[in-house]
Amino acid sequence: SQKIEQNSEALNIQEGKTATLTCNYTNYSPAYLQWYRQDPGRGPVFLLLIRENEKEKRKERLKVTFDTTLKQSLFHITASQPADSATYLCALGSGTALIFGKGTTLSVSS
Amino acid sequence: DVKVTQSSRYLVKRTGEKVFLECVQDMDHENMFWYRQDPGLGLRLIYFSYDVKMKEKGDIPEGYSVSREKKERFSLILESASTNQTSMYLCASMSQGALNTEAFFGQGTRLTVV
Chain A
98 SQKIEQNSEA LNIQEGKTAT LTCNYTNYSP AYLQWYRQDP GRGPVFLLLI
148 RENEKEKRKE RLKVTFDTTL KQSLFHITAS QPADSATYLC ALGSGTALIF
198 GKGTTLSVSS
Chain B
826 DVKVTQSSRY LVKRTGEKVF LECVQDMDHE NMFWYRQDPG LGLRLIYFSY
876 DVKMKEKGDI PEGYSVSREK KERFSLILES ASTNQTSMYL CASMSQGALN
926 TEAFFGQGTR LTVV
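The listed protein sequences derive, respectively, from chains A and B. Read in this note's numbering, the first sequence has 126 at position 29, and its numbers run on one by one without any break. Read in this note's numbering, the second sequence has 835 at position 10, and its numbers run on one by one without any break.
Treat the hints with care, as some may be off.
[Unchecked claim] Below, computed lysine-lysine pairings styled on DSSO-like, alpha-carbon distance capped at 27 Å:
#1 B/Lys-882 - A/Lys-100
#2 A/Lys-199 - A/Lys-154
#3 B/Lys-896 - A/Lys-100
#4 B/Lys-882 - A/Lys-199
#5 A/Lys-156 - B/Lys-828
#6 A/Lys-199 - B/Lys-880
#7 A/Lys-168 - B/Lys-882
#8 B/Lys-896 - B/Lys-828
#9 A/Lys-199 - B/Lys-895
#10 B/Lys-838 - B/Lys-882
[To be verified] Sample of chain A residues with no beta-carbon within 10 Å of chain B, all distances over it, derived:
#11 Glu-106
#12 Ile-110
#13 Gln-111
#14 Lys-152
#15 Ser-206
None of these hints come from the bench; they were simulated from the model. Virtual Cβ for every residue (Gly too), placed ideally from N, Cα, C.
Given the sequences, and given the hints that come with them, work out the whole structure.
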């Protein structure tokens, strides 16, 4: 069956460290993968998109990698700050549908 | 500023009622989606639409139907609301075609069925 898995429900790190979140998928062949941020009580907000032919994408303190052989994407936040505390969702395109993982809740303590 | 607007932020309905959740986008997007979000289960796709009058079932369509009579509006209908449909409902829209796309979400509707 098709699955998208984000490896942990919660991740706690200290301010200034790098947070690394993982997204694995099975039985999909996505043309792209996206990452979103969601704050409590709000809808998700788009952060980054990476295509199947791209290995890495960066935006300010964010970095995403995409390994279609391992069927995995890694999402990094460098020099993390308490304001980065939120739930992060990965999503992949399956035909016209957009399918989400369950998310990882990141808590950055000062 | 692009916008996806859901008609209600909070809604309380009785079991057996017919419930309409409305979503409007102003970006001329072809694709629109309805998700529900529950603790521990994440965002689950109920239905999506890639064009006017077109609809496709997502992962959990049972108990729901949708309507897309105009490009900018996508409605989710609970034919006979049940307590297990208490949830946060999120609408999203996305442009079709080019891979350099992102989904825009509404603010969500928290539906409670009593």
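Contradicted hints - numbers only
3, 9, 11
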